[in-house]
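Work the whole structure out from these sequences, hints included.
Just so you know, the protein sequences line up as chains A and B, in that order.
Straight run, no breaks: the first sequence in the working numbering ends on number 411.
Straight run, no breaks: the second sequence in the working numbering ends on number 1411.
Hints are supplied without guarantee of correctness; some may be wrong.
What the hints assert, rightly or not - DEER-style ranges, computed between Cβ atoms:
no., chain 1, residue 1, chain 2, residue 2, range
1, A, Q344, B, K1105, 30 to 36 Å
2, B, R1379, A, E136, 46 to 52 Å
3, A, P125, B, R1379, 24 to 30 Å
4, B, K1105, A, D351, 27 to 33 Å
5, B, A1071, A, D341, 33 to 39 Å
6, B, R1259, A, R93, 58 to 64 Å
7, A, Q344, B, P1008, 41 to 47 Å
Don't read these hints as lab results, they were simulated from the structure.
Backbone N, C-alpha and C define an ideal beta-carbon position, used for all residues, glycine too.
Number of protein chains: 2
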Amino acid sequence: MPISPLAPKHVPDLPPIEGVRLATAAAGIRYQGRTDVLLAVFDKGTAAAGVLTRSKCPSAPVEWCRAKLGAGRARALVVNSGNANAFTGKTGRDAVKFTADLAAKAARCKPGEVFLASTGVIGEPLKATAFDAVMETLVADAAPDRWLDAAKAIMTTDTFPKVATATAEIGGVTVTINGIAKGSGMIAPDMATMLAFVFTDAAVAAPALQALLSRATVDTFNAVTVDGDTSTSDTLLVFATGAAAARGAPKIDRATDRRLAGFRSALDSVLADLAEQIARDGEGARKLVEVIVEGAVSKRSARRIAMSIANSPLVKTAVGGEDANWGRVVMAVGKAGEPADRDQLAIWFGDIRVAHKGARDPAYDEAVVSALMKKPEIRVKVDIGLGRGRDRVLTCDLTHGYIDINGSYRS
Amino acid sequence: MPISPLAPKHVPDLPPIEGVRLATAAAGIRYQGRTDVLLAVFDKGTAAAGVLTRSKCPSAPVEWCRAKLGAGRARALVVNSGNANAFTGKTGRDAVKFTADLAAKAARCKPGEVFLASTGVIGEPLKATAFDAVMETLVADAAPDRWLDAAKAIMTTDTFPKVATATAEIGGVTVTINGIAKGSGMIAPDMATMLAFVFTDAAVAAPALQALLSRATVDTFNAVTVDGDTSTSDTLLVFATGAAAARGAPKIDRATDRRLAGFRSALDSVLADLAEQIARDGEGARKLVEVIVEGAVSKRSARRIAMSIANSPLVKTAVGGEDANWGRVVMAVGKAGEPADRDQLAIWFGDIRVAHKGARDPAYDEAVVSALMKKPEIRVKVDIGLGRGRDRVLTCDLTHGYIDINGSYRS
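Below, the structure is given as structure tokens:
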């Protein structure tokens, strides 16, 4: 699979995070000749927070994480690619328990301090015994500087590894946030999942971390769609080792603490960066599409309208065909079911207004818009004209590549 | 565009309907060398009922029809292809008024007794003056035996004309129901619209006709999806001339009248037939897909789950690839947001159960399922295992053909 033409030009070097060590291995779960297991081990005192799929058919590791987030303590994270361990019944729950026990023994912690995520085929039993052969070595090998390796081990149909980093000051002490993610569709060719893991040395208690994460997710990961198909396995976890406390960083218990302002914005930027990379690696994507809705009756209404546009196969195929087909944008606004007044609508492609007051803008020049549509990044903006609700989501075009990737047989 | 491989093998001859006369013409609205206007004229006393798009951005003719359905009296129907007269502002409303006045003058009725529908490009002003040249001739030429011509005049990206017919007895007198439809996506390559028109000589008052139609639409036209994109122009109108009364058929005022039992079922069958033909002519369709959901907590819940499956690009591309990818069906059930218990789910492709009790059915043979997936008609059945709610929807696969049709430039 060639690398997405929308891949970031620059891949940052991720610095070590105090209290986090990483290792990868090839356990042969499905793929040959590549790594497919990631282990992260955390120092004592690491807080965990997470956001998990809302699917009514979640994978076994999602259910495991959901149960363990209550305590919010983490000492290890085990992620595998190649098999999602989703829709695998009791076998799946057994595999999760087996893996957590194995990692806990090797990392000398409790099974409840081990977080798990799996991505790959749905419905195939995960042979967790494969981890048996590699777990001790993973723990022994774990080192602070393996970020790109970590991002590569969790890829499925991704065409490039996804990493992001930022720093912030808390109480005058610099802390670092690193993140890795995978995902090439909400669900890939029967590979399931968006997975993202974020690591920091900040000392933020689990409930505060959870509040920050939940808020930050709304306009980052939850504002990205490739095909509208929500995975059984979507998992976003954040681990805060607190190691920066040894350097004088304050320990923070409440998400509303003003000293978190910089950290909050750094966390936002890491999540936004990773989420955008997922849209850039959407299956078959040739164009990154930013959909902005303004003038809706509320932000929630703007989000629904934006998602209706971003998930419309007709809008997405039009962008793929480099056609500024604003009639389809009208259709997608109309079908969203949200308050809209046709005769107030205005629509822009890039900076060019193509529709105004419920009809074609007589001033727009099709040739200029056509030239704009040839660019790799396309912005579609709609003004509903009713209120002050605004939202923004990212998506990609729908191309022959998507059909090729998803229309091929599983084996 | 080659004819869909799913087109019906047999096209029925539609008999005349007493009180209905038809004519078509080439007005050059957008297409060259083909008809693009249909006129139907009705005898006095014809009742009308209709179901129109729920889009918040409806076309001008949809708004016109909505306003006229209150009175429920029809003397003429004018339909054009090539231009949807949608998102055309005041120009669009003027065009509608102009056309209704023109037809009323030619057919010697009131403008409020003229129904209108348009399908084609969104956002382009409709030059209604084009009707000026053909209207008098249309009225003069109208004849009872032009059903296939009528179905052809309203096509846009359709690959075959869609007609259906049935008879029923009311009070011992045979009445006939004829229907025509067009639509190849909820919206076609920036051609908008599903349009369907049904005609009968039965003597059924407008409110009763409306009640019958609204009920019949639920499991026919509203249970079909090609791409989940609701048109600005969807229009389904029924006209009952009452001419059968002269042959002794009773005049019926209430939808609950028991003498309507046979008529109701004949109307259902005509709508179901036309709706299935629309799925069979879905843009790029190579497979007709029937999605059945059983065991949901209610019919409404079953409908939402069935639509989540039928609209999933991942399910549709898998069917296109002849892959019995039941993991994606699990995903679509999970994302529907309706009550579901993963560990109670069972899934069938055709008669073969592939998943049971929340895991792969150990008994199923991939080779047998693969052979089944090569057929042109695929049935996917899901048992949610929670209640007695059941529903059925029709869709088609998502193929390169869809991308080709919708990814090309408008001009």
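Is the gap between the beta carbons of R1379 (chain B) and E136 (chain A) within 46 to 52 Å?
50 Å, holds
33 to 39 Å was suggested as the range; check whether the CB atoms of A1071 (chain B) and D341 (chain A) agree with it.
26 Å, violated
Would you say the C-beta atoms of K1105 (chain B) and D351 (chain A) sit inside 27 to 33 Å of each other?
47 Å, violated
Range hint compliance [Cβ, Q344 (chain A) to P1008 (chain B), 41 to 47 Å]:
Roughly 44 Å apart at Cβ, these two residues keep to the hinted range, so it holds.
Using the beta carbons of Q344 (chain A) and K1105 (chain B), state whether their distance is inside 30 to 36 Å or not.
Holds: the Cβ-Cβ distance is about 34 Å, inside 30 to 36 Å.
When you take the CB atoms of R1259 (chain B) and R93 (chain A), is the distance between them in 58 to 64 Å?
Holds: the Cβ-Cβ distance is about 59 Å, inside 58 to 64 Å.
R1379 (chain B) and P125 (chain A) - C-beta distance against the hinted 24 to 30 Å
Since P125 (chain A) and R1379 (chain B) have Cβ atoms about 27 Å apart, the given range 24 to 30 Å holds.
Against the hints set out earlier in the document, violations occur for numbers 4 and 5.
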